[in-house]
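Trainee: Now for the letters of each chain:
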Amino acid sequence: DSGVTQTPKHLITATGQRVTLRCSPRSGDLSVYWYQQSLDQGLQFLIQYYNGEERAKGNILERFSAQQFPDLHSELNLSSLELGDSALYFCASSVAKTGDHTEAFFGQGTRLTVV
Amino acid sequence: DQQVKQNSPSLSVQEGRISILNCDYTNSMFDYFLWYKKYPAEGPTFLISISSIKDKNEDGRFTVFLNKSAKHLSLHIVPSQPGDSAVYFCAAKLGNTGNQFYFGTGTSLTVIP
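The listed protein sequences derive, respectively, from chains A and B.
Note that our numbering numbers the first sequence so that position 9 is 9, with each residue one more than the last.
Just remember that our numbering sits 1000 ahead of the position in the second sequence, which is counted from 1.
Keep in mind the hints are simulated off the structure, nothing from the lab.
Just so you know, not all the hints are guaranteed correct.
Listed next, with one range per pair, are the computed distances between beta-carbon atoms [as the list claims (entries may be wrong)]:
(1) B:ALA1041 to A:HIS73: 34 to 40 Å
(2) A:THR15 to B:ASN1027: 19 to 25 Å
(3) A:HIS73 to B:GLY1016: 41 to 47 Å
(4) A:THR113 to B:ASP1059: 33 to 39 Å
(5) B:GLN1081 to A:ARG22: 43 to 49 Å
(6) A:SER38 to B:GLN1081: 43 to 49 Å
(7) B:GLY1060 to A:GLY28: 35 to 41 Å
(8) A:THR15 to B:SER1069: 44 to 50 Å
(9) B:ALA1070 to A:HIS10: 40 to 46 Å
(10) B:LYS1005 to A:GLN67: 30 to 36 Å
(11) B:PRO1113 to A:VAL115: 37 to 43 Å
(12) B:PRO1079 to A:PRO70: 45 to 51 Å
(13) B:GLY1016 to A:GLN67: 48 to 54 Å
(14) A:ASP1 to B:PRO1082: 45 to 51 Å
In the EDC-like style, the derived pairs of lysine to aspartate or glutamate whose C-alpha atoms are separated by at most 20 Å in a straight line are [what the hints assert, rightly or not]:
(15) B:LYS1068 to B:GLU1015
(16) A:LYS9 to B:GLU1042
(17) B:LYS1068 to B:ASP1084
(18) B:LYS1005 to B:ASP1031
(19) B:LYS1054 to B:ASP1084
(20) B:LYS1037 to A:ASP1
A short, non-exhaustive set of chain B residues, derived as facing chain A with CB atoms under 10 Å [claimed, not checked]:
(21) GLN1006
(22) SER1008
(23) SER1012
(24) GLY1016
(25) LYS1038
(26) GLU1042
(27) PRO1044
(28) GLY1083
(29) PHE1101
(30) GLY1104
(31) GLY1106
Quick caveat, the model's predicted, so the values are computed rather than measured.
Ideal placement from N, C-alpha and C gives every residue a C-beta, glycine not left out.
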């Protein structure tokens, strides 16, 4: 158990809909990262938050947004869903501040299926 | 732009032999490198890491080698065991931009009993 909790584990929704994925980081971790893994693809970095503020942005679509709340949990909002958004979405957390050499710990992922 | 590349999608190795997984990167500013292991239906789990100031790090059966001039790192597993069968992701970190991790596309390792 990595200590990172993601809910829900599975989500099936229709095109055009909006969903929210939730992530609770490990206790004490200030950084939260969101990654997307499509079929046969690697882990594509979407966005990072550090202590409530956006720190880095990757290949995140404008239809997607995220936030990190004061209790450090994070939510990834996906709207106007398309079939191509079907993927595994992973959240990871890390204690590190800039420059620290520590690893990120991953949750079990949310499998999103858009039909 | 894929800054971390794993050019071998899959690798099969006989039990007891050495498994060598390779990873190349393009950004010379990466300062920390990691390997993650992923089983189906689970999140990636951290395996081993190496700082850019070192060229080798060993942890039991796992050794990571870093060749900065070639922008190449490799993971050696000796001896390979059937339980090592998983997808292995190489990752690199830019420490001065808030610890953003860049991942490769993964190599699926199968260890044949």
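Trainee: Are any of the numbered hints broken by this structure? If so, which, sorted upward?
Mentor: 1, 2, 5, 6, 7, 14, 15, 17, 19, 22, 23, 24 and 28
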